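Here the protein sequences line up with chains A and B, keeping their order.
Note that the working numbering has the first sequence beginning at 1, numbered continuously upward.
Note that the working numbering has the second sequence beginning at 1, numbered continuously upward.
Because the hints were derived from the structure by calculation, they are not lab data.
Do not take every clue at face value.
One side of the interface only, derived from the structure: several residues of chain B facing chain A at Cβ under 7 Å [said to hold, decoys possible]:
{"no.": "1", "residue": "364"}
{"no.": "2", "residue": "372"}
{"no.": "3", "residue": "382"}
Treat the numbers as computed from the prediction; the structure is a model and nothing was measured.
Just so it is clear, CB atoms sit at the ideal spot from N, CA and C, and this is done for glycine as well.
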Amino acid sequence: MPAAIRNLRSNPHFLFVRLPKLLSLLCIVVGVAWLLLLPLNEYSRRTYISENALLPGQVHAYFTGSEQNIFRGYKKELEGILNDETKDRAEVTAGYVSRGGHAEQLLILDRVSDKVQSIFEEAGLKFARQKYEYNSAGITHQGENSYAIIHAPRGDATEAIVLVAPWLTADDKLNLNGVTLALTLARYFKRWSLWSKDIIFLITPDSKTGTQAWIDAYHDMHPASVQPLPLKSGALQGALVIEYPLEHRFQTLHIVYDGVNGQLPNLDLFNTAVSIAGGQMGIGANLQEMWNHDDSYENRLQTMVRGMTKQGLGYATGAHSSFMPYHIDAITLQTKGEGWEDEMALGRTIESLCRSLNNLLEHLHQSFFFYLLMQSNRFVSIGTYLPSAMLLAGNFTIMAIALWMRTGYYPETKSVQTKGEKAPAEEKAKTSNIAERKLALPLSLVVGLHLLGLVPLWVFNNVSHQYFTTITFVVLGVDIILPLSLAAILSNGLGLSKPLIPQQYHLIKSFSLLLLGLSLSTLATLNFSLSFMIGLLCTPLSFMTRLQGAAPARLATSGLGLALLNLLSPPTVLLGVCWYTGVSVETVLTEAAFGWDVWGMWTQVVVWCVWWPAWLIGGVLLGSSIF
Amino acid sequence: MSTTPSSRNTMKDRGIVVFGAAFVLRLLLTCLFPALPDLLTGRVEVSTPVNSFKRLQEGLFLYTRNVSPYDGGVYHQAPLLLPLFALLPDAKSSPLPTAIFYFLVDLLNAYALLKISQSGQSVKSRLHTAVRQHVRWDGVSVAAWFLFNPFTIATCLARSTSVFTTSGILFAVSNAVGGNSVNAMLALGFASYLSLYPTLLFIPLVLLCYDIRAQGPNPPKIGLYVVQHAGLLLASIAGLLGLSCLITGNFWEFISATYGFHLLVPDLTPNVGLWWYFFIEMFDSFREFFLGVFWLHLASYVGGFTVRFQRQPLFVITSLLGVFAVFKPYPSISDASLFFAMLPLYRHLFPLMRYTFFAVSAILYSSLLGPAFYHLWVYAGSGNANFFYAITLVWSLGISILLADAVFAALRDEWEQQNPDQKGAEVRQV
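Kindly produce the complete structure, drawing on both the sequences and the hints.
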């Protein structure tokens, strides 16, 4: 071992140039391999209930029999009003959801709200409404929430559970059965004396805006365009969203759990839902749209990757997502498939879930908040999966440190000679083996490009939605021109500055990678998946450098490299993903702007202020070898 | 320093540009992001129980209604701040005057720093001349480092009352290097009156004053000189305490609410320091003992640094400020920013420092991860106190590395000055 270290010291080229590259590559390979190992039995764990108070499925659910007649009655009444109204669209007054000029428009009208109110009030609940309006990317979203509260007979109104039934599901389908079920459950729950927490029934016009407006107003954090809530209860302990958009019996339950910015609900809530649906009720539970999960490695990996994609993009996957930023654990229960489970089975599942939540003595805290699920009963926790994103982030840091050392201790004389440039006088004259570094220009370039990221961030969140496609192509053009022109200015001066010396290129790269590694490792603790995705897309940046060598080969390599690098630029990746999934760029960006304005989603900040600047600097370095 | 009139003029122009730009930047940040000051005021990294602007507002509210500001146990700052802020318009309804007042204090601090740098004491004192004395930044650059440091800007926008302590310390030093020892003692008295811990700077400061005085004709005896100045310091503190007594009426109440609070550390709100977590974990029976140990530890650096660096008293002050930023009971980023402000005076030591990159990386990492982990702990509820404490350890480690490295560089500089033939030789442990 000491001999190996001595060998290293005597071979500075290996120590400062080759070794960091090898280490970086090793980090990347191990990081990716680590993620691929997770679905194996040895690395993942079976889920279990940590919170003893939950006691899932330990009580008998009584929601059967005559309640079904009530359900049918309510449904008929609501259906009647809806049909009347859709025939006579001229009567549109207020409270409709406009979907940005899209064909699908659902008219939730005052009369339906009045009907809901009369049902809640007949059942003996306190009822209130809330109007709201949001503007994003030139589209107005407005609507009216209605909600009712059962005051707990055994509680003191300090804690509450929320049941949400949006009129439109996350896939924009009419959720008539879900709303009716909520109304029936309200009447049914009201008669029980065992509740120790208030139960709030929230009927929102859609899954995107309604819950957000309501939960913001519940905590008095709402913008001016949202009305305050006239009626409130205690601290919310959990929320369940009911979605039953089918007109027939269903086969299985789909549990959606991803929150805004990749926040997740406590794993105990998910486990309780799986255990009640699967164990007590005998309905299967699925996740991440994996309908035929055979527990094989491929299926586990696919489930995990789907979960990571949703988490990484950070958008709201359903009405439950808006609860997560307020530390309220929430999930959506969606009915899927054609089978023999009816609305009563769903009702019993929800009853049993509410009973479990009702048992809670304190906020859900026992189980994991950071996990990746790969099957309804298998997961990995943060301690197991975090190293993979950290290794990816670490590869940038290793490179940054190595480049810093290299600028100080390893003379670039060889490269200077081959390039035919004059070595700076200081470098020749230096007596000690520590060179002075010229920091001003690299520092200001890196900081400046990071600040430049604010421009696309502002533009994409503030212009109207019809310009999004055009602007994406403009950014694509900028991505081609800007690195080349910056490289030309830096390497030739063009009368604006002195040409850069090799050390400064290393410093530019060092600072840029340092910031990238810094941001990604911080991000990994908040949103693992986003950090991993960006890290993976940025891996080539560790190896971008100013090429040396004879002109034709150098030009060809750097030209090819730049073309390949452009394939990994943020706008190209966006276009590629849109092309692959068949979603229009405008839709994606409108959703992103909506997320920024309403949900408080910050995926864009990471893209434009972390990924884009780092990518630009990679382009500048590679581009500089042309000049 | 011999500067030609023209170069002095360009210096002046640059100074105006830097100070103006710093002012405009702060003004822009306040006007473009009106929520920013209040956000920063609420951050635990910026506001501690002893410098929080929010708590000052509470004290002010009670004071203007003729109730003792220390009733309610929220306000722990010096009473003299109250009449001062009572003169300014209400910060809630019209925040701009208060903000501009803070901007001006920041500019004054930078001016004091500029004077310190221009005196050249950091490279050439009475008993020591640095080997690389020509490798240095001019006063304007040093002031710019201070004014454009994000930590300074955050402190200023958060309207933390630490900036007044900073002013006291910086003016004490700038008066000391300017040969005005009486004013230096008065300024140090002001800083000590505000936050207690600057008293520990007395010995190096009086040595610094003596150095300047001894370069003049007939230097006095050092013992007598120190005693005289200690008297001056005590008199200035006593004067300020007397004034405070007039304001509050109840002497012991205000002493126990301010200095008692500093000394006994009853409020364990998280901050970037090391004390709060220790004292949360500690059994009550050991509390007094460890309070003593922690304070003794903090104070012990004064003796060691002063003896070892007696020929460079200004460096003793700089390194002590670094020690305070890590080890004082309620540190905030403003203490770190003061240390970072003094470091560029020692530009000539930078080539000798070995771990700057690692220290700066650690500080950068912790300043990004700190807020993230605090968010996970307090808002998302998915982390716990250990997350944030781990990051404050990294933060302290970063500053400690920087400090230790600076001390190493200063020692090396002294050694090279004594052994000119060894310049540039590699260090080997003997």
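Hint check:
1. 364: Holds. Min distance 6 Å.
2. 372: Since the shortest Cβ distance to chain A is 5 Å, the answer is holds.
3. 382: Given a least distance of 3 Å, the restraint on residue 382(B) holds.
Of the numbered hints listed earlier, not one is contradicted by the structure.
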